[in-house]
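Order-wise, the sequence lines are chains A and B.
No gaps in the numbering here: position 372 of the first sequence is 372 in the numbering used here, and each next residue is one more.
For the numbering used here, add 1000 to where a residue sits in the second sequence, where the first one is 1.
Since the hints were made in silico from the structure, they are not lab data.
In this text the structure is predicted, and so the values were computed from the model without any measurement.
Mixed in with the good hints, there may be bad ones.
As the list claims (entries may be wrong) - Here are the simulated DMTMM-like cross-link-like pairs (lysine to aspartate or glutamate), alpha carbons at most 25 Å apart as the crow flies:
(1) B:K1027 with A:E329
(2) A:K63 with B:D1315
(3) B:K1083 with A:E108
(4) A:K83 with B:E1103
(5) B:K1149 with B:E1089
(6) B:K1083 with A:D33
(7) B:K1063 with A:D250
(8) A:K426 with A:D437
(9) A:K319 with A:D250
(10) B:K1370 with B:E1329
(11) A:K56 with B:D1315
(12) A:K85 with A:E52
(13) B:K1324 with A:D133
(14) B:K1149 with A:E107
(15) B:K1226 with B:D1015
(16) B:K1027 with A:D133
(17) B:K1056 with A:E52
(18) A:K125 with B:E1030
(19) B:K1063 with A:E30
(20) B:K1085 with A:D326
(21) A:K136 with A:E173
(22) B:K1105 with A:E78
(23) A:K28 with A:E329
(24) A:K136 with B:E1103
(25) B:K1136 with B:D1059
(26) B:K1038 with A:E94
(27) A:K440 with A:E413
(28) B:K1251 with A:D326
(29) A:K206 with B:E1103
(30) B:K1136 with A:E108
(31) A:K105 with B:E1312
(32) A:K38 with B:E1030
(33) B:K1028 with A:D250
(34) B:K1149 with A:E52
As the list claims (entries may be wrong) - Pulled from the structure, derived: some chain A residues nowhere near chain B, Cβ distances all over 10 Å:
(35) D15
(36) D33
(37) V70
(38) V95
(39) H129
(40) Y138
Beta carbons are placed, not taken as given, at the ideal position from N, Cα and C, and that holds for glycine.
2 protein chains.
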Amino acid sequence: MAEQKKMVDDITAMDEDFAKWYTDVVKKAELADYTSVKGCMVIRPYGYAIWENIQKTLDGMFKATGHENVCMPMFIPESLLNKEKDHVEGFAPEVAWVTHGGEEKLEERLCVRPTSETLFCDHYKQIIHSYRDLPKLYNQWVSVVRWEKTTRPFLRTREFLWQEGHTIHATAEEAQQETIQMLNVYADFCENTLAIPVIKGIKTEKERFAGAVETYTIEALMHDGKALQSGTSHFFGDGFARAFDIQYMDKNNTLQYPFQTSWGVTTRLIGAIIMTHGDDNGLVLPPKIAPIQVVVVPIAQHKEGVLEKAQELTDRLAKFCRVKADVTENSAGWKFAEYEMKGVPLRLEIGPKDIENNQCVIVRRDNREKIFVSLDELETRIPELLEAVHNGLYEKALERRKEMTYVAHNLDELKDIADNKPGFIKAMWCGSRECEDRLKDEATVTSRCIPFEQENLGDVCVCCGKPATKMLYWGKAY
Amino acid sequence: MAEQKKMVDDITAMDEDFAKWYTDVVKKAELADYTSVKGCMVIRPYGYAIWENIQKTLDGMFKATGHENVCMPMFIPESLLNKEKDHVEGFAPEVAWVTHGGEEKLEERLCVRPTSETLFCDHYKQIIHSYRDLPKLYNQWVSVVRWEKTTRPFLRTREFLWQEGHTIHATAEEAQQETIQMLNVYADFCENTLAIPVIKGIKTEKERFAGAVETYTIEALMHDGKALQSGTSHFFGDGFARAFDIQYMDKNNTLQYPFQTSWGVTTRLIGAIIMTHGDDNGLVLPPKIAPIQVVVVPIAQHKEGVLEKAQELTDRLAKFCRVKADVTENSAGWKFAEYEMKGVPLRLEIGPKDIENNQCVIVRRDNREKIFVSLDELETRIPELLEAVHNGLYEKALERRKEMTYVAHNLDELKDIADNKPGFIKAMWCGSRECEDRLKDEATVTSRCIPFEQENLGDVCVCCGKPATKMLYWGKAY
């Protein structure tokens, strides 16, 4: 009970102050810390290990779909950023400018990349001449900088880590297919690796990425009912190619403009993990990206043979999962709290009585279920339990999203839900920018996507009452 | 012969113009390309795949020695950079300064990290309080910026990729051991993974890293007789801890300053690979980091069964090595030249007659040896041949270094060698800065290192004739 109390004391309860709960978890689970640079964080070893696991899986998925990694410079000359009108308008207000190299003032100032479309275009222009040079399917793992006013670890930082895919194709159809393919890769990754259910859809024109013809998004619902944009994929048409004068000779010896895409996910996904699965005892990690999948805690470790047995089991488990034994002098209760805070999916307890009975106790982090497992069956039971935790987390998150998704048929209904019920609001929309703006102003809903899976909730726009053909998801966004 | 000619035409011969040969190889093997940002390069897929293989192996070696990855911000506030006197003097003249975020002028300008000691110190101060918090063994894979005047792809670029290890320890002894341990990791990696022989040693005081008490280095000799510093490891004593006021409570409840190290290697290693192993036909890659270890080239591929057999062999090889089949319409000769240019260690040729005889032809990139191998023995012979290429490359480089290492007993001898014989010069040194400067001025050599393996070449300094106790390697450096 004392231990239980300690845990609860350590972090603010979710219901009390969700924002404070979030930053408490980030600090206490040692995922990240603040630095002297406002809006920039240190990603600490435990947080970075999660990012490495995310990278490893996603990178494998990118390579399996034919993509190659490259690395572009971090600087963009101002004149290059200015080449595509919409793009520069979207990004120039929030970039960091380098004006001096050493003692000297630069002839042209450089921005620290907020995204790299312009750099890729500059490179494409050098290497693409013929249809034989297409497509190029590129990706890079780098950090980018956007000079945000309000920041929060992982969710919105001035510098963040991400991957940015950039591809260029001979035809619009091929580029469109790529855009959708990568959105599906992201959705697959969120659901099957991070256990986070997402809604796939299209952004409204207003919310499109600067320079894009169409922006696709995956949206997830956090524990507090707010929406988190978790990944985006953009189709650019041939707009960038025209702005940068990239042309290729087709099979008929005619010059053509190629078509482009870009797509990205960021360290924000770690924020999504925290706010989707976490609870009042701390982090709860999906097993596939957990740096430690099983922690072995010896019970009454001063008794003969306990530490040896704990080590023996750890060595066995290391062959098929990421395992750590905690054999420090700290009490078992302290260890329980510590690894719950860190969100380790399974805890394996082994004490003198367990050894006598040739068994151990396994406790699931997600639902605290205690399971007695014969020591002869660890090789089959632990992978099954890790899978069960993954499925349990996914089902719980999906169930919560269902419970927190509402339907609004008119403006009053929508406002009432927006004021009183955190979550997604499904509603019909006429497609006008006017109604979109009005809902944002009057109901303070900021997130929206037109889901691929449409439902017919009526014939008229929730806002203006005119005919509507599209169903939209509304929400309050991080 | 026509093909042979093509290859030679494509790139400048080494003997004719080594610098031009180098940039030709970088461009033609598609390792990197120039960008609109002076001194910054695009690392293209083939070049980046080499870097990924370097990262993977080194990262494994770092983790095996107990290090954890983290990620610090890319910006350092000016006041933070200024905290350690020697450090800021060394780096301030060559940093890029961010002065504006969006439209607003920053209150304090930020430099783009040239290295991250100050950021790590700032973080250590927050997380280190007790001896129980020590040591911290950190590393990060990031890019850094140094505003160099003259630049060359991989060898010296304004932005470059690297890893920087940063560790902090309770005692000086432990930190010193760490410094040497990591130098040994680098030397091991260069020799056993990159097939590049290196000399391990200590830098002179003049050449020390800004803020270091001792800087250790590994030095390699390039094809043209110039030296390349390939990795460094620094012992800081408690200087940074004092400057940043980092203290910990020891077991006796006394406040103590901890001791620090840092160590790094960069994308410069790719330059070292090119200039150590390359030849007039292009790149020659050490098998352990080659993105493609074996290229399968079908001969007379229009003949029945050839393409099928090539594919079958490729599938077999994919189980134990990185293999690619080139089944394009290009001629076999074109393919030979292409993969020689790209430095692929082994070429496997398979044609109708080979199929009849149940064999294939394997050609080594390093020495062009042709070997007939029974198709039944590929699983054993190919790993053996990859190992043979690695050993062949290492031996050749070591042999060249021996041939290009000279001994000087007096100033005239040293000047004569420096003027006429590219390579390393071993000579005795009294230890004075005066002699070091004089040799730099009069013989245009820079001190490379005081090697761990000392030899006694005489009793007097090569420069001043006074008593000498240390042997130094001199050379002209990249």
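* Assess, step by step, whether the Cα of B:K1226 is no farther than 25 Å from the Cα of B:D1015, and give holds or violated. => Judged against 25 Å, a Cα distance of about 14 Å means the pair holds.
* Does A:K63 pair with B:D1315 here, judged by a C-alpha cut-off of 25 Å? -> holds, 18 Å
* Would you check the hint for B:K1324 and A:D133, treating anything up to 25 Å between C-alpha atoms as holding? => holds, 19 Å
* Is the hinted pair A:K28 and A:E329 satisfied, with a Cα-Cα distance of at most 25 Å? -> Status holds; Cα separation ~20 Å.
* Asked: Has the given pair, B:K1085 with A:D326, been kept, meaning a C-alpha gap of at most 25 Å?
  -> Given pair B:K1085, A:D326 is violated - Cα atoms ~42 Å apart, limit 25 Å.
* Asked: Just checking, A:V95 versus chain B, shortest CB gap more than 10 Å?
  -> violated, 7 Å
* Does B:D1059 lie within 25 Å of B:K1136 when you go C-alpha to C-alpha? -> holds, 17 Å
* Is it the case that A:Y138 keeps its Cβ farther than 10 Å from each residue Cβ in chain B? -> violated, 7 Å
* **Pair hint outcome, B:K1370 versus B:E1329 [Cα-Cα no greater than 25 Å]** => holds, 24 Å
* Asked: Given the hinted pair A:K136 and A:E173, is their alpha-carbon gap at most 25 Å?
  -> holds, 15 Å
* Asked: Is A:K38 within 25 Å of B:E1030, Cα to Cα?
  -> Answer violated: A:K38 to B:E1030 is near 39 Å, above 25 Å.
* Is A:K206 close enough to B:E1103, meaning Cα to Cα at most 25 Å? -> holds, 23 Å
The earlier numbered hints that this structure contradicts are 1, 3, 7, 9, 12, 20, 24, 30, 31, 32, 34, 36, 37, 38 and 40.
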